[in-house]
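Undergrad: So the chains spell out like this:
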Amino acid sequence: MDRRSGVIGYVDDRTGERLNFTLPLSTRIGPVMVETVSRVSAQNMNDILELTTHCIRCGFCLESCPTFVTTANEIESPRGRIYLVRSAVEGLLDWQKDVRPHIELCLGCRACETACPSGVEYGRILEGAKEKLEQDRPQFSKLALLNATTRPSTLKAQLAMGKLLPGKRIPTPISMLLSKQKPEVDQPTPQKLSPLPPLIHSQLKPVQGQVYLLEGCAMRVLFPRVHEATRRLLRRIGYEVLETAQGCCGAMHAHNGYIDTTKSVGRELLIAMSREIPVIVNSAGCGSTMKDYGNILEDTAGATKFAKRTFDASEFLFANGLMEELASASGLPVTATYHDACHLAHGQKITSQPRELIQAIPRLTYVPLQEADMCCGSAGVYNVLQPKMARSLVERKYANIEETGARIVATGNPGCHAWIAQAAQEHGKKISVLHTMELLEAAFCGLEPFMN
Amino acid sequence: MLSSHAELAKALQSVLTPDAVLSGDAAERAYDCDAYTVDRNNPSAVVLPRSTEDVAKVVRWCNKNDVPFTARGAGTGLSGGVLPAMGGVVLSTKRMTKILEIDYDNRCLLAQAGIPNKRLSDAVKDRGLYFAPDPSSQSVSTIGGNIGENAGGPHTLKYGVTVQHILGLTMVDPLGEILHLGGKLPGAPGYDFVGIVVGSEGTMGIVTEAWVKLCPIPKAVATALISYRNVADACRTVAEIIAQGTIPAALEMMDHGILRAVRAAFGLEYPEGTLAMLLIECDGEPDRVAHEMESVQKVCKKNGALQIRLAEDEAERAKLWTARKKGIGAMGRIAPSIVTHDGVIPRSKLPEMLEFVYDVSWRYQIGVANLFHAGDGNLHPCFYFNDRDPEQVKSVVAAGEEIIRRCVELGGSVSGEHGIGIEKVDLMPLMFTPEDMEFQATAKRIFNDGSLCNPCKVLPSQKGCVEHRRRWRGTAW
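Listed in order, the protein sequences are those of chains A and B. Mapping to our numbering: the first sequence position 2 is 2, numbers consecutive. Mapping to our numbering: the second sequence position 17 is 17, numbers consecutive.
Heads up, a few of these hints could be off.
Unchecked claim - Heads up, simulated DSS-like pairs for lysine-lysine below, C-alpha to C-alpha not over 27 Å straight-line:
(1) B:Lys64 x B:Lys10
(2) B:Lys118 x B:Lys158
(3) A:Lys97 x B:Lys10
(4) B:Lys10 x A:Lys180
(5) A:Lys388 x B:Lys98
(6) B:Lys118 x A:Lys349
(7) B:Lys394 x B:Lys463
If you are wondering where the hints come from, they were derived from the structure by calculation, not from laboratory data.
Turn these sequences into a full structure, and let the hints guide you.
TA: The structure is reproduced here in structure tokens:
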């Protein structure tokens, strides 16, 4: 959609065809006040402004927004935030004083994008606004947190040091520094790797192709079992993982206003995964950003192609024969439900594939979850930066899960996984949280290895 | 009057609690208009009460300090009904979202004003019941706001508007007294004050709770989407369906402007060469539905329908309705701003009126899309434009006035369901003589004899509004 051309029209989402309206409308957008001191370029500010003008203030987003539903305050709603950003670009509000607190309370869950009839790209407005806020006034404590979380070796070292500290929460002084609130998040503990029965290759489909698997930064340290399950499921449908040395995808940086870092690590990932084979991702947040590489790395050759060959694991397995394989699995006699990770449901519009796969597990009873696509409050590093809001959302999520009577809740993102698991543990360990990949693999080799 | 906004907010914090008061530049900006964006004005502060008593406390405080106040629900209104025209306090009902009681035996429910319309139906769906009024904004718009505007919706044709579904109200009057009007059971003796308050656009007080009627979900529903080569064929179909005595549950029209937006937004397909579409729904007993749908299809074919597509299952039906209900919302794909008008005309005049709308749009060089309740003759011409061009904003206002004028000339009305608000306050004299309006003002004074409760709305030339008007008229971003 390009309305800077002076003609009102739009690009049809399905056909890619550009439609202009018959009336010769003069809609050239006038000069825009842009703060020249900013390091964020005037072009970027114009891009943000252009994105905000798609909002016609109908308000259909309000009830989809977790922070609005929780606070009832329109400044903490998508419509409100878009209006604030637009006003700040136009010089009517102050970025740091008026806009920053409300952008920071936003989870970035993008449920509003699903609700929006006008197709407002809220995620891009948010990332643009965050970039502007961080460039004008960087928060070094936040940057340190991002760096620690997204560098596997640093994270490992910190986890080892963390064991020396008393208590299981992240330390209060660190939380106060980051959020001015008391901590709610436990220090992360890596999954234990229980031995899985070996795959008997003669009984499996012959290998028909290779794929890359994004190991990710925090994911590879904290959730090695999920990767193992994903590898096995891929092999079950005839795909082998081509191992390669790889780094972080930059999703966390993009979501927190450090898009330049995303660009540089993204370029490295493109090089590390340069062969034209599918890239499989089992972390919704990463997949969502990687599918947007076409936009983020617009000046890098192959970025759009890379984005197009990036698939969420559930999406790829569903499309390539796991349903059929599951039909002959031994199955699981359990009741399970499914929580939509925001960056899967709203960021990638993937809601049916994981549900269909789970429901295809023999002997499993599937129960739907109320408010399944409402954010659990984890949202990357949000639960560290906004402990209070994150806590109230995870309690709401847990209550909904408990209401289903399910013993297992599956989800497709490490953040949700860890955060809901913490809530489940606090509420007496009646419910287990599994990654969708773990639950699916358990259909073949039993729950036992995935339950601790 | 308190000297500064900050002082006022501080005083309100002690009336309620600190977390129930919003103030500062960001809050003033976020609450300066609803979905009608041509006129804007900042409030001094916003309060988020939790109960009827909280609302009463704030209203009494406003009276004591001579501060104007305006109630607000989800802010989805299309006529600026919640614009704080004289500044002052905006009272948001969004922390009052509870269902307080459900009486299944008597098929009614008591809810707080801030609950979204659709949540009422969701709450009783398992028992085969629903709340019938279904404005397109029902997933977010509040029952309090629906009451204020006497909201309609696609199914108004058969089931009536909000007022027919409200049994009783709890409200805070403009002086801060708590009133209970009507009750759980219909047909209370004496004058029908509920009928006066519903549709009074928040000028007679602030509704805080309501007893609403619940209807049984129809046993069978059939939904058809019919494409036409031109608007005239579709209009003739509408007039003929109604004339032959069939009352469908809904009878909606979309023209090509809207169709392009909903195709982009929701992937709604239609045959090549389609310039208008009807969405027709029949509901009730299965036999009757089948019979009605058959006779509807006959009329459609007779009037040159290109294609008739019947929804095969609930999922397809839901998809068709999403396209209809979110159609106006999808207009942001086409232009930065829209104004949706709301005139009513006799159904027989539809073809003539639509031609006039297209003509106005051409003369003012402002794009128009139409999506409306054809069965009721309730037109919604939606002008789309760039609100940063003051000339375009002026044209939109002028074009809208021409259209509304024409509606009245054709024997219609200046508003079907969006209310008068601030948008059409100057157009009231088109329909009413000064004596008529004085009579209405007398009715208003039963509840509101002052100038603090939602000032400058509905009736023109109110005290002080003319000077204030300059501040907010056409302050579009």
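Undergrad: Does each hint hold? Answer for all of them.
TA: Now the hints, each set against the structure:
1. Of the pairs offered as hints, the one joining Lys64 (chain B) and Lys10 (chain B) holds, with about 16 Å between alpha carbons and a cut-off of 27 Å not exceeded.
2. For the proposed pair Lys118 (chain B) and Lys158 (chain B), the alpha carbon gap of about 19 Å is at most 27 Å, so the pair holds.
3. As the CA atoms of Lys97 (chain A) and Lys10 (chain B) are separated by approximately 19 Å, the hinted pair is consistent with the 27 Å bound.
4. Using a Cα cut-off of 27 Å, the hinted pair Lys10 (chain B) and Lys180 (chain A) holds, with the two alpha carbons roughly 24 Å apart.
5. Distance hint between Lys388 (chain A) and Lys98 (chain B) is fulfilled; the C-alpha atoms sit about 23 Å from each other, no more than 27 Å.
6. Note on Lys118 (chain B) and Lys349 (chain A): the hinted pairing holds, with a Cα-Cα distance of about 24 Å set against a maximum of 27 Å.
7. A distance of roughly 25 Å separates the Cα atoms of Lys394 (chain B) and Lys463 (chain B); the hinted pair therefore holds under the 27 Å criterion.
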